[in-house]
Structure formats: C-alpha cells, structure tokens
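Number of protein chains: 2
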Amino acid sequence: MKQVNVIFLGCGNIGGGVFRLLQMNAAGIAHREGMQFNIVGALVRSVNKPRPEGFPTQCLTTSFDELLAKPDVQLAAEFLGGVEPASTYMETLLRRGVSVVTANKEAIAHNWPRLEAAARAGGAGLYFEASVCGGIPVIKSLYSSLQANDIQQVKGIINGTTNYMLCRMSQGHLDYSQALEEAQAKGYAEPDPTNDVGGGDAACKLSILSSIAFHTKVPLEDIFREGITGITPQDIETGRELGYDIKMLAIGKKHEDRVEARVHPTFLPLDHPLTAVKDSYNAVYVTGNAVGNLMYYGKGAGDLPTASAMVSDMVTAARTAHHRYNTFANTEGAPAEMPIAQDWTTRFYLRMTALDMPGVLAAMAGVLAHHGISIATCSQKGYGHEQVPIVLITHPTWESAMRQAVCELAQLPQIKQVDALIRVEE
Amino acid sequence: MKQVNVIFLGCGNIGGGVFRLLQMNAAGIAHREGMQFNIVGALVRSVNKPRPEGFPTQCLTTSFDELLAKPDVQLAAEFLGGVEPASTYMETLLRRGVSVVTANKEAIAHNWPRLEAAARAGGAGLYFEASVCGGIPVIKSLYSSLQANDIQQVKGIINGTTNYMLCRMSQGHLDYSQALEEAQAKGYAEPDPTNDVGGGDAACKLSILSSIAFHTKVPLEDIFREGITGITPQDIETGRELGYDIKMLAIGKKHEDRVEARVHPTFLPLDHPLTAVKDSYNAVYVTGNAVGNLMYYGKGAGDLPTASAMVSDMVTAARTAHHRYNTFANTEGAPAEMPIAQDWTTRFYLRMTALDMPGVLAAMAGVLAHHGISIATCSQKGYGHEQVPIVLITHPTWESAMRQAVCELAQLPQIKQVDALIRVEE
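Same order as they appear, the protein sequences are chains R and V.
The numbering of the first sequence is our numbering, which starts it at 1 and goes up by one.
The numbering of the second sequence is our numbering, which starts it at 1 and goes up by one.
Next up, chain R with everything else stripped away, as it sits in the complex (with noise of 0.2 angstroms):
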C-alpha cells in the first residue's frame, strides 16, 4: 500500500471535511487507488482550538517554517483561503517538489501565472478542482474527458448564495433586503455579502473555469461583473410573464479573435436546463463542437463536496509521476492570447416609466432604431395613468450601442426614468 505524506494549510470547515472525507471512505481509498493518506503536518492560527475527533493534533504547528521541515512530504492540501498567505506558501511549497491540492479560487484567479511557473520549476503537480464549484468534477471534466472539443462557451451557476438568493425572491416573492436576510440567517450568506451579491465570487471562478476551457488565461480584471442589487421582484415577475426566470449568470463565449467573460443578473428561459438549478446548488452548461451541450450540476459548496473535489484531487496527484501543466500561449503572464471583449451581442430586457404624452413609444423606438437596436417583443401597460410602465425585450444588439440608446432614453421628455436594464441570454 502506497503512503502518502500530507501537510494541511489551514484547517477549519473544509479541511475538517477533508479529514473527515479520509476517516470515512479509507477502505475503499485504499483498495480502489491502492493508497493512504497520512497528514503529517497542519498549519493553523491556533493548535489549541478543537479538532475534528481522532485528528493527529500532535502535528498541528502555528509555524509554516516547522511545516516546511516535515520530511518526506508529498502533498499539501491548502484550505487557508484568501490570496494572501496562501500564494505565497503555495509557491514556496511547489518550488520544493511538492505538489498542492487547493479550493482556492482567489490566489489560483490572481496568481495562476505565478503558481503555475513554481509548480513547473519544482515538478510538482497543482491541482484546483474544488475551486470552481465545490463538489462538481467540472475542471478536470473539461480537459480530461472533453479535451476533444473546441469548447465555444461555459454558462454557469456558480455562486450558491446569488442563487439562493434569486430563487427565493422569484418563487418566494422576498424583496432583495429580505432574501439576503435569510440568507444570512441560514448560512448561506456573509454577514458582509459584497463579494457574492457583487459578483466577485462569480467572477473568481469565471476567470479559472472560462481559462480551462477556451485554453487561453482570461484574466480575473478584464471580466465585467454587475451584481444582483438592483433586481426587484417587479422585474422578475414581469420577466416570468414573458417565459424568463432571472439567474446570476457567470457566461463564457469564445469567438474566433475573441474571448467574452461577464457575470451578471441574467433572464433566462423557464425551459432552459440551468432555470431548474434550484436554491444553492451550481450549475455549468458547457457547449463544444462536438459534444453539444452539456450540464454539470451539483453542490457548489459545503465541506465534504468540497473535499470529494479535494481528495480526488489528492489522488490524482499522488498517482501521477509526470504532472501536466497548462499549454496556454499565456500562461505565464498576461497579455490575453486572445483579446478579452469589451463588447458583446445579447438581448435585453429593459423596463422604463413613461409619462402618458403622445408620442412616446415613436420616440423610444427612434432612439432605439438610431442604434440599430431591434425590439422583439414591447408591452406598455395601464394607458390612462399619469406614469405608464413599458417594457420591452430587444433582438440580440451590442451592449456599447444598448447603453449609448438607454443614455438617451433617459433623456427624453417622455421617458420619467429608466427602471432596469437586464441582459437575457438563449
């Protein structure tokens, strides 16, 4: 029976659930892969705080120096989280041979480059599974079973607390202040939602997952990003009268001279396969030339379908003698191999308040057709009232030209205000 070596950094939530992961399936571990696991070190904040039952404590150091000094070390399972300590200790790891196993999308997002290089430098394998999408075996899924393909696009629910979020106040009928307070009260949200509500997260993930899969780094600064801050409840139940349910949507398109990566607040069709993706769970739909489109869904978060990632991971990387590392014509550094937009084609749905004046929609529509902007379908309620809600979706147009028209929109006399402007995707 192989023994393998492992250092812990950090050992909280998930790297309790790692531990916990290896108690529980070790038979099987051992007989399937031939292999077991020993944790030979963990680096925590404090040795005297209390441990998952049977955890080696005698290991536990506040010392990443003592850690670097255990010997005959394979692997390191990273759990601290956050871009800084964390990369640099990775780095220092991987530069000695060591190979890292980690969930943590913000360094792998921020410092992939820099990663990868020391990980090629020391020969050792670095291996992020669990940091897009917990549980989901979609990173490895990508190039190792789709490797085939020319991947044109990834749409992904891949932030469970937007997600939570959003189903909530489109079945639940919550406002958004309401549906983050329960969020939080469950857990699902922080108590400072920022980087969820805002995007951040999404974007994180975007970055990793849309790099995998277009075989080109798309930089975690070049992804547009709106949050789900704005959305009303009237928003989305004028979207489901017009057969749309409202998703935080991470979107991934590869052209030929050009990658598209945004996240944002997003209508989608109710018979499309991710508007089934309920309450906190992820979702990634990804279309190649060869294989159509296809789903991964799952737990995005949580301690053991994160660890299911993790120690898979883990024994990936003690299986293999010679780790692969990316062949991006980027990986090293930026720029973009291939440009990232700054502009893109969908269609929108856009709801404004108008004053009942003759002549409002011929001037709406003359603004919008100044843009070549195509309207699909126009409803405009309630004639008769002093303020008149039109909505409308649009043909598929460029975001540069929607906003340059939603400007002047908002300048007419007989538009009071632009309410909400939400892009809608197939």
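There could be a bad hint or two in this list.
Same chains, same names: a pair is fine if it fits in one copy or spans any two.
What the hints assert, rightly or not - SDA-like, lysine to any residue: derived pairs with alpha carbons at most 25 angstroms apart:
1) K278 with Q184
2) K278 with L242
3) K278 with S46
4) K140 with H110
5) K381 with A369
6) K381 with Q414
7) K278 with E241
8) K2 with N111
9) K2 with T216
10) K140 with L355
11) K70 with E116
12) K140 with T287
13) K70 with G122
14) K416 with E399
15) K186 with P339
16) K186 with G292
17) K278 with N289
18) K2 with H323
19) K186 with T287
20) K2 with G54
21) K381 with G82
22) K2 with N289
No lab work stands behind these hints, which were simulated from the structure alone.
Got chain R; can you put chain V on it based on the hints?
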C-alpha cells in the same frame, strides 16, 4: 509530435463522426495533447460504400485478418455494434496489446469479464466512455473524479428514444402509438423499437454504469426491466395532477448487503432535476456520500457527441503507459460480489376501476393493510357512475408485497380491474 496509429472496426455513422472530429479539431488536439491520430486500417462490409470526404479509403478492408496484419497499430476504435463479432475482434486485439476504445454497450454489458481479462493479459487498455450516454463523460468522472466517494445511488435517463416518446406523450398529449410513430419518423426510434421501449438498451447501460459506480459487477441478466408500452395518457395526466412527471428511469442503489438495479417507467416529482431533461437528452443523477447529489446532462447519442467521448478515450489510451483495470472482486465473472436484489422498496402509483358498490374503499384498504402497504394519498372520483376510477399513491413498500396485493385486489368483487401500477421515486 506523437503519432498514434489507429484502426477502425466499422466505419458507419459513429466511425464517420470520429473521423470528422479528428479532422475538425486536429490542431487543438495536437497543441493540447501533443499527438496526432493516423487511421491505418478500417474493417468494413463494403469497400465501395461512400465514406466521409478525405477518408483514407486505401486502408479499407473487408478482412479482419488483413486488419490484424497492419504494422505498428497502437489503438483500435470499434464501431461495429452488437455482441458478435465485435467481442471476439476486440478480445483478439486486446490480447495482442492493442488498446480498444468502444461505444459498444452490448459487447461490454455481455462480455466485460472476458474483454477485461484479455486486456490484462495483453497489457492493453479497454475504454468505453461512449457506451453509456454518448457524449456525457459520466464513466470517467465516476472513477477519476468521484473516487473519494462511496456512491450510493445512480438514477438515469439513459435512453433517448423513450425520453423523447414520454415527453411527447406528456407535453404533446400523444398516445403511445402516436409517440412511437413520430419518434420513428424523426429517426429517434428504430423500425423495431423493442430494445429501446422494452428497456433492453437502458439495462445494458445500467449494468455498466452501476458496476463502475458501486465497484461490483452488476450482471445484465440480473437487472429488472419493464417497458413503457403500457403507459397511457390518462396515467400521465393523473400523475401530473399529483405533482409527478413520467420518465423511463434506470435506477441503481447500493445497500449494505445488496445492490438494486432496475429499469422501468417512473413517476418523478415535477421539481426533480431529472424531470427537466427533455426530448432525446440524457442525464445521470449520482449520489455520493461526500459529494451529495450530482447530475450530468447532455446528448446521449449522435455521431459527434459519441465521437467526443471516443476521441477523449483515444487520447487517454494513447497517453497512458500503464492502463488501469477494475479492482472489482468479481471482475472476472459471476457470481456477483454483492447480491443483486430481486426485491426492493419503492412508492407506487396504482390506478384501478371500481364498481359502484358499498365497501369499495374498505375492501381495497384491507388488502393493502394486510400486506403492510400504507397509503399516502387516495382519490376516488365520479361517485354515482357505474365504474369509478380510484387512484392512490403508497408510502415506500416492498415490490413483492405490492405485486401480491395487486393480485388480490384484482380478485375483489368491488374491483373491475387494476389499470396501472407505476413506481414512484423521489
């Protein structure tokens, strides 16, 4: 660049798809995987049939011996379909050390031990991702991404023909024969549809899928199967009123001491992720003790989706120096390591026609209670008519008890007939 010489066994629809894919994505595969595939031989029934443009027709042969005589062959891709002669050909190649990639579910389901033994003997690899659900990479995911889990359950929509037909019956309000006729017209059903509608095709795939998932050979002949020929629009409509949609489901469950494997039409809750799988799409819903619920969704058939899985296997086979073999205790033959259950618990939907006599419900409830079957919901509509439909859904109960109860119910003077018995899963 690594040159990989491949022979084709067969070159019809799927073989043509593999050839087209290798041409279409050759540059990407060469860049990412560092290899190029050369077709050096192809066994066909007729060398004069038209082949895809660019196919190396000079290497076509109708003789397996001639194919065997090709020098420097690393890999064989098998597209013959059917148990024989495909199994014998594959066995011969494997024993000679030629790795085999196949989409042939019948051959694997019937002859896995024999083929596995030949692969071991020859030091060759046997890869069959495409044999289950075409392009959906569920087989590899089970053994290389979920290997840290104890897999407890797989539930799949793994036959596109029956899913298409049931969707058309459920959404398009067709009856069985109309749905079959439409499926045949669209090429989703064979002229003789028995293997699809009867569950034979799904049983082959479930044998492979549940063997991999539960790490014990689940023999084809032990899989219970019931077809969809008895499903009526009336039951579909009644089920929908109760909150269910009908799906042809392949179900594998692992218990402490036994494995359950069955294929039959099943009522699923309307909000189950599998219920959203429409038309000819496939999906596999997997439950692991760490990862929780996962679902894989995609195209289960078609030339390019199937080719996506086959070329992925070809890349893996060509990269792999030491092929892996299953570590099932019962890989090499029967009997099953874990017994395959001949009885199981499930909920049931039961529809009967009662005569309008006193004591109908009392008599019926008495029979069920006698067999320990507890009723979850019961509705009896249309009092005052001569014949009264009774529909009930049970709590989970043993299949054997239910069958016994149905025999007795059919003999009650108050019951004209038992119209439908459909299993219900959550």
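Each hint tested on the structure:
In the homo-oligomer, the alpha carbons of K278 and Q184 lie at most 25 angstroms apart inside one protomer (17 angstroms), although the nearest pairing across protomers, at 35 angstroms, exceeds that limit. Within a single copy, K278 and L242 get their C-alpha atoms as close as 20 angstroms, and across copies as close as 21 angstroms, so both meet the 25 angstroms cut-off. For the identical chains of this complex, K278 and S46 are neighbours neither inside a copy (38 angstroms) nor across copies (52 angstroms), given an alpha-carbon limit of 25 angstroms. For the homomeric pair K140 and H110, the shortest alpha-carbon distance inside one copy (20 angstroms) is at most 25 angstroms, but the shortest distance between copies (30 angstroms) is not.
For the identical chains of this complex, K381 and A369 are intra-copy neighbours only, at 22 angstroms inside a copy versus 58 angstroms across copies, given an alpha-carbon limit of 25 angstroms. In this assembly of identical chains, the alpha carbons of K381 and Q414 lie at most 25 angstroms apart only when taken from the same copy (15 angstroms versus 57 angstroms across copies). Taking CA atoms no more than 25 angstroms apart as the test, K278 paired with E241 passes in both settings, with 19 angstroms inside one copy and 22 angstroms between copies. Taking identical chains as interchangeable, the C-alpha atoms of K2 and N111 are never at most 25 angstroms apart, the minima being 32 angstroms within one chain and 32 angstroms between chains.
In this homomeric assembly, K2 and T216 come within 25 angstroms of each other (Cα to Cα) only across copies, at 23 angstroms, whereas the closest approach inside a single copy is 36 angstroms. Taking CA atoms no more than 25 angstroms apart as the test, K140 paired with L355 passes in neither setting, with 54 angstroms inside one copy and 60 angstroms between copies. In the homo-oligomer, the alpha carbons of K70 and E116 lie at most 25 angstroms apart inside one protomer (23 angstroms), although the nearest pairing across protomers, at 42 angstroms, exceeds that limit. In this assembly of identical chains, K140 and T287 lie within 25 angstroms of each other by CA distance both inside one copy and across copies; the values are 16 angstroms within and 19 angstroms between.
For the identical chains of this complex, K70 and G122 are intra-copy neighbours only, at 17 angstroms inside a copy versus 42 angstroms across copies, given an alpha-carbon limit of 25 angstroms. Within a single copy, K416 and E399 get their C-alpha atoms as close as 22 angstroms, which meets the 25 angstroms cut-off; across copies the closest is 65 angstroms, which misses it. Taking identical chains as interchangeable, the C-alpha atoms of K186 and P339 are never at most 25 angstroms apart, the minima being 41 angstroms within one chain and 42 angstroms between chains. For the identical chains of this complex, K186 and G292 are inter-copy neighbours only, at 19 angstroms across copies versus 37 angstroms inside a copy, given an alpha-carbon limit of 25 angstroms.
In this homomeric assembly, K278 and N289 come within 25 angstroms of each other (Cα to Cα) only across copies, at 21 angstroms, whereas the closest approach inside a single copy is 28 angstroms. For a Cα distance limit of 25 angstroms, the shortest separation of K2 from H323 qualifies both inside one copy, at 18 angstroms, and across copies, at 18 angstroms. In the homo-oligomer, the alpha carbons of K186 and T287 lie at most 25 angstroms apart only across protomers (24 angstroms), although the nearest pairing inside one protomer, at 34 angstroms, exceeds that limit. For a Cα distance limit of 25 angstroms, the shortest separation of K2 from G54 inside one copy, 22 angstroms, qualifies, whereas the shortest one across copies, 49 angstroms, does not.
In this homomeric assembly, K381 and G82 never come within 25 angstroms of each other (Cα to Cα): the closest approach is 49 angstroms inside a single copy and 61 angstroms across copies. For the identical chains of this complex, K2 and N289 are inter-copy neighbours only, at 24 angstroms across copies versus 40 angstroms inside a copy, given an alpha-carbon limit of 25 angstroms.
Taken one by one, the earlier hints fail for this structure at numbers 3, 8, 10, 15 and 21, listed in ascending order.
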